[in-house]
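Protein chains: 2
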Amino acid sequence: MIYFITGNKNKFEEVKAILPEVRQLDIDLLEIQEIDAKEIIKKKLFEALNHSKGEFIVEDTSLYLDCLNGLPGPLIKWFLKTVGNDGLAKIAEKLGDTSAEAKTLIGYAKNRAEIYYFEGVTKGTIVKPKGEINFGWDPIFLPSGHKKTFAEMSREEKNEISMRRIALNKLKEFLRP
Amino acid sequence: MIYFITGNKNKFEEVKAILPEVRQLDIDLLEIQEIDAKEIIKKKLFEALNHSKGEFIVEDTSLYLDCLNGLPGPLIKWFLKTVGNDGLAKIAEKLGDTSAEAKTLIGYAKNRAEIYYFEGVTKGTIVKPKGEINFGWDPIFLPSGHKKTFAEMSREEKNEISMRRIALNKLKEFLRP
Numbered sequence: 066m067i068y069f070i071t072g073n074k075n076k077f078e079e080v081k082a083i084l085p086e087v088r089q090l091d092i093d094l095l096e097i098q099e100i101d102a103k104e105i106i107k108k109k110l111f112e113a114l115n116h117s118k119g120e121f122i123v124e125d126t127s128l129y130l131d132c133l134n135g136l137p138g139p140l141i142k143w144f145l146k147t148v149g150n151d152g153l154a155k156i157a158e159k160l161g162d163t164s165a166e167a168k169t170l171i172g173y174a175k176n177r178a179e180i181y182y183f184e185g186v187t188k189g190t191i192v193k194p195k196g197e198i199n200f201g202w203d204p205i206f207l208p209s210g211h212k213k214t215f216a217e218m219s220r221e222e223k224n225e226i227s228m229r230r231i232a233l234n235k236l237k238e239f240l241r242p
Numbered sequence: 066m067i068y069f070i071t072g073n074k075n076k077f078e079e080v081k082a083i084l085p086e087v088r089q090l091d092i093d094l095l096e097i098q099e100i101d102a103k104e105i106i107k108k109k110l111f112e113a114l115n116h117s118k119g120e121f122i123v124e125d126t127s128l129y130l131d132c133l134n135g136l137p138g139p140l141i142k143w144f145l146k147t148v149g150n151d152g153l154a155k156i157a158e159k160l161g162d163t164s165a166e167a168k169t170l171i172g173y174a175k176n177r178a179e180i181y182y183f184e185g186v187t188k189g190t191i192v193k194p195k196g197e198i199n200f201g202w203d204p205i206f207l208p209s210g211h212k213k214t215f216a217e218m219s220r221e222e223k224n225e226i227s228m229r230r231i232a233l234n235k236l237k238e239f240l241r242p
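Chain order of the listed sequences is A and B.
If you count the first sequence from 1, position 24 lands on 89 in our numbering, and the numbers rise without skipping.
If you count the second sequence from 1, position 146 lands on 211 in our numbering, and the numbers rise without skipping.
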């Protein structure tokens, strides 16, 4: 049995649409202080493997600003908590480089010896917040070649170009018998 | 017996000068992902109390920028690793507010039920890096009322106005029989 570890129902729906065989497991895993998403995911997978039987999937989706050499990355939560989307947009504008990447890294642990990673990247720019404000940094991320921020798109529109979808498709390909 | 937990010899020397009875203990404690120094310290103290017998002191010294609503705080390590001192100075300048606080928080655990915190703050501004580059963010912190950055001062000069000294003196006062 393969478990996708998340407390987020929407994330799980997106996973299930691609990988119907995967079950949701809602347990709290410690997030270490790191900016390398791979290290964070690896620690979580090992904790899950210690915690229960099965195969596990853990993902990290973060925003990487070129003007901050890749920050905030997995530290995005703390940027939202302090400067917020307005602050992030201001930083990018004032530093004169609004280019950014939205990146999903998926880790899949078959067992302790077999852990695989799959990445999906969507390029874009940081803009002043627009659209539904309830989805993290979605209001400030304008994907390249589009006229709406992630927060202005329907879930279907967003999934079409989603970094999570790209990473999930790679995992699906890998799992195919 | 009271142990100060650090791998940093210089920090321990500063502590020992104020509290001669304290011993150094060099063990690795997990740093959780947090911007609240108190939470980070509390987790470390509990880990130490589980690990061995004794009373423990853990400290966190971080840089808080007004223009970033308190970031980087305990996340300073990742800012130095990505944008560095040059980047931090540029951010403060471009955002138009260079004011900052250097803050030390000391946690002292007598036992699991008795944990006390002592704070020391030094106010200052963020400037372009000047002085010895080997001490974290010292080159960009200019304490208020002074003409040298922390990195340009001798250890004695710095200790005179050090946020760590202020916090240590409060702890000393507290420990006095």
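If you are wondering where the hints come from, they were derived from the structure by calculation, not from laboratory data.
Certain hints may be false.
25 Å max Cα-Cα, derived BS3-like pairs, lysine-lysine [to be verified]:
1) A/K107 to B/K146
2) A/K159 to B/K155
3) B/K103 to B/K146
4) B/K142 to B/K175
5) A/K103 to B/K155
6) A/K103 to B/K108
7) B/K107 to A/K142
8) A/K142 to B/K195
9) A/K155 to B/K146
10) B/K146 to A/K188
11) A/K155 to B/K107
12) B/K142 to A/K107
13) B/K175 to A/K142
14) A/K146 to B/K175
15) B/K103 to A/K108
16) B/K103 to B/K155
17) A/K175 to A/K118
18) A/K213 to A/K175
19) B/K107 to A/K108
20) A/K146 to B/K188
21) A/K193 to B/K107
22) A/K159 to B/K108
23) A/K155 to B/K175
24) B/K193 to A/K107
25) B/K146 to A/K103
A few chain A residues that don't get close to chain B, going by computed Cβ distances all over 10 Å [to be verified]:
26) F144
27) G152
28) A154
29) K237
A virtual CB, placed ideally from N, CA and C, is assigned to each residue, including glycine.
Checked hints:
The hinted pair formed by A/K107 and B/K146 meets the criterion: a straight-line CA distance of about 21 Å does not exceed 25 Å. For the suggested pair A/K159 and B/K155, the alpha carbons sit about 10 Å apart, so the restraint of at most 25 Å is met. This hinted pair checks out: B/K103 and B/K146 have alpha carbons roughly 23 Å apart, not beyond 25 Å. Proximity of B/K142 to B/K175 is assessed by CA-CA distance (about 29 Å); at most 25 Å being required, the pair is judged violated.
Our distance criterion of 25 Å between C-alpha atoms is broken by A/K103 and B/K155, whose separation comes to about 29 Å. Distance hint between A/K103 and B/K108 is fulfilled; the C-alpha atoms sit about 23 Å from each other, no more than 25 Å. Our distance criterion of 25 Å between C-alpha atoms is met by B/K107 and A/K142, whose separation comes to about 21 Å. For the suggested pair A/K142 and B/K195, the alpha carbons sit about 32 Å apart, so the restraint of at most 25 Å is broken.
Taking the CA atoms of A/K155 and B/K146, the gap is about 22 Å. The hint holds against a cut of 25 Å. A hinted pair counts as satisfied when its Cα atoms are at most 25 Å apart, and B/K146 with A/K188 qualifies at roughly 23 Å. About 34 Å separates the Cα atoms of A/K155 and B/K107, which puts this hinted pair outside 25 Å; it is violated. Distance restraint check for B/K142 and A/K107: the Cα-Cα separation of roughly 21 Å lies within the 25 Å cut-off, and the hinted pair is therefore satisfied.
Only pairs whose Cα atoms come within 25 Å are accepted, and B/K175 paired with A/K142 is rejected, the gap being roughly 33 Å. Restraint check for A/K146 and B/K175: the C-alpha separation of about 32 Å exceeds 25 Å, so the hint is violated. With a C-alpha separation of about 23 Å, the suggested pair B/K103 and A/K108 falls inside the 25 Å cut-off, and the hint holds. The suggested pairing of B/K103 with B/K155 is violated, with an alpha-carbon distance near 29 Å, which exceeds 25 Å.
Proximity of A/K175 to A/K118 is assessed by CA-CA distance (about 10 Å); at most 25 Å being required, the pair is judged to hold. The straight-line distance between the Cα atoms of A/K213 and A/K175 is roughly 38 Å, outside the 25 Å bound, and the hint therefore fails. For the proposed pair B/K107 and A/K108, the alpha carbon gap of about 21 Å is at most 25 Å, so the pair holds. A threshold of 25 Å between alpha carbons decides the hint, and for A/K146 with B/K188 the separation of about 23 Å falls inside it, so the pair holds.
As the CA atoms of A/K193 and B/K107 are separated by approximately 37 Å, the hinted pair breaks the 25 Å bound. For the suggested pair A/K159 and B/K108, the alpha carbons sit about 37 Å apart, so the restraint of at most 25 Å is broken. This hinted pair does not check out: A/K155 and B/K175 have alpha carbons roughly 45 Å apart, beyond 25 Å. Straight-line distance between C-alpha atoms of B/K193 and A/K107 comes to about 37 Å, which puts the hinted pair past the 25 Å bound.
A distance of roughly 17 Å separates the Cα atoms of B/K146 and A/K103; the hinted pair therefore holds under the 25 Å criterion. With a least beta-carbon separation of about 7 Å from chain B, A/F144 fails to lie farther than 10 Å from that chain, contradicting its non-interface assignment. At roughly 7 Å from the closest C-beta of chain B, the C-beta of A/G152 falls inside 10 Å, breaking its exclusion from the interface. Non-interface call for A/A154 relative to chain B: holds, since the shortest CB-CB distance, roughly 12 Å, exceeds 10 Å.
For A/K237, the requirement that its beta carbon stay farther than 10 Å from each beta carbon of chain B is met, with the minimum near 30 Å.
When held up to the earlier numbered hints, the structure conflicts with 4, 5, 8, 11, 13, 14, 16, 18, 21, 22, 23, 24, 26, 27 and fits the remainder.
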